[in-house]
Amino acid sequence: MTAQETANDRATSFQAVQGGGEHYSGEVLLVSAYAALWAILLLWVAMVWRKQTSLLVRLDDLQREIDKAAAEKVKK
Amino acid sequence: MDQARGRYGAAVFYALASVTTLAFVAEIVLVFLFAPTEARMGIVQKIFYFHVPSAYGMYLGAAACFVGSVAYLAGPTDARDALARAGAEAAVVFGAMVLTTGPLWGAKAWGAFWTWDPRLTTALLSFLIYVAYWVLRGFAGDGDGERRFAAALGVLGAANLPIIHFSVQKWGGQHPMVVTGSGGGLQHPAMKVAFWGGMLAFTLLATLVVWVRARLEMASSRLRRAEEDAIDLGLDTRVEA
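Residue numbers (my numbering), protein chains in the order written: chain A, 1 to 76; chain B, 77 to 317.
It should be emphasised that the hints constitute simulated quantities derived from the structure, not laboratory data.
Beta carbons are placed, not taken as given, at the ideal position from N, Cα and C, and that holds for glycine.
The reader is advised that the hints may include incorrect statements.
Chain B is faced by these chain A residues, among others (derived, beta-carbon under 10 angstroms) [unchecked claim]:
| hint | residue |
| --- | --- |
| 1 | ILE40 |
| 2 | LEU43 |
| 3 | VAL48 |
| 4 | VAL74 |
Short, incomplete list of chain B residues facing chain A, as computed with Cβ under 7 angstroms [unchecked claim]:
| hint | residue |
| --- | --- |
| 5 | THR113 |
| 6 | ALA115 |
| 7 | GLY118 |
| 8 | LYS122 |
| 9 | PHE126 |
| 10 | VAL169 |
| 11 | MET173 |
| 12 | LEU180 |
| 13 | SER297 |
| 14 | LEU299 |
| 15 | GLU303 |
| 16 | ALA306 |
| 17 | ILE307 |
Label pairs and their in silico Cβ distance ranges [unchecked claim]:
| hint | chain 1 | residue 1 | chain 2 | residue 2 | range |
| --- | --- | --- | --- | --- | --- |
| 18 | B | LEU204 | A | GLU27 | 26 to 34 angstroms |
| 19 | A | VAL31 | B | ALA86 | 13 to 21 angstroms |
| 20 | A | MET47 | B | ALA80 | 43 to 51 angstroms |
Let's have the full structure, built from the sequences with the hints guiding it.
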């Protein structure tokens, strides 16, 4: 909106494009597709990382209990 | 795990990861520097070189899920369940790639991101089946009953794969048949090299994805059994599904 335009100058109707559908840039679509591909793969890597972290937490819990049981056995 | 076997597995894994990386570098060079721009569609046609191989990766994941599921139903083991689960996850990952890259190509070629074309619809259905498998395994626990139910879903999901493949021949639609059709196919030798390079790179990637995920699932199953043993011995460790 330029300085001379007022609120009353804004669009008050929508008109259909004549002679065909919308046009998309091939370059933008190609880069988008390529970026999406790697984004999906990296998302999967992040999910695998999260799963590994969860396993490590469980492993730590198990190790702690084993250490505790071993210490009690030594006391006895 | 036997140490020698573990070392051998690690060596094969690193070799496979290296070859996959090289294959992708070569593929990028082939697609963006050697394969010519298509005459009618322009540069957007280059999406084809990783859209079709992604679909192939989805088939490979689904096939792994099918094999693991059938094997699990025949004789339940952790390894068979891990293969089925990893395959389903690979099918979701590669299916997401197919269903993202395809519409981006369609926006230029067809003037619409999506049409209810038979191949698009059956591919979406297949993707949703593996998403359902994934959600089921993520939220329904990890008992034998859940594993068997998921295995049945894994077998059912594979039934849709031939339907995706033959939908274009049987029901027509707008989806191109450049590779399997009887038309001219890829007209330039560099297009063929880029296409088959993509197929190789995605085959290697799908193998890596299934392997890494199955290995993680095996580790999870072993840990769960160790936790159960610990509880049997009177240790107060928590057990997660």
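Here is how each hint holds up against the structure:
no.	hint	in the structure
1	ILE40	holds, 5 angstroms
2	LEU43	holds, 8 angstroms
3	VAL48	holds, 6 angstroms
4	VAL74	violated, 15 angstroms
5	THR113	violated, 9 angstroms
6	ALA115	violated, 13 angstroms
7	GLY118	holds, 5 angstroms
8	LYS122	holds, 6 angstroms
9	PHE126	holds, 6 angstroms
10	VAL169	holds, 5 angstroms
11	MET173	holds, 5 angstroms
12	LEU180	holds, 4 angstroms
13	SER297	violated, 11 angstroms
14	LEU299	holds, 6 angstroms
15	GLU303	holds, 6 angstroms
16	ALA306	holds, 6 angstroms
17	ILE307	violated, 9 angstroms
18	LEU204/B / GLU27/A: 26 to 34 angstroms	holds, 31 angstroms
19	VAL31/A / ALA86/B: 13 to 21 angstroms	violated, 36 angstroms
20	MET47/A / ALA80/B: 43 to 51 angstroms	violated, 31 angstroms
The structure is inconsistent with the numbered hints 4, 5, 6, 13, 17, 19 and 20, although it conforms to all the rest.
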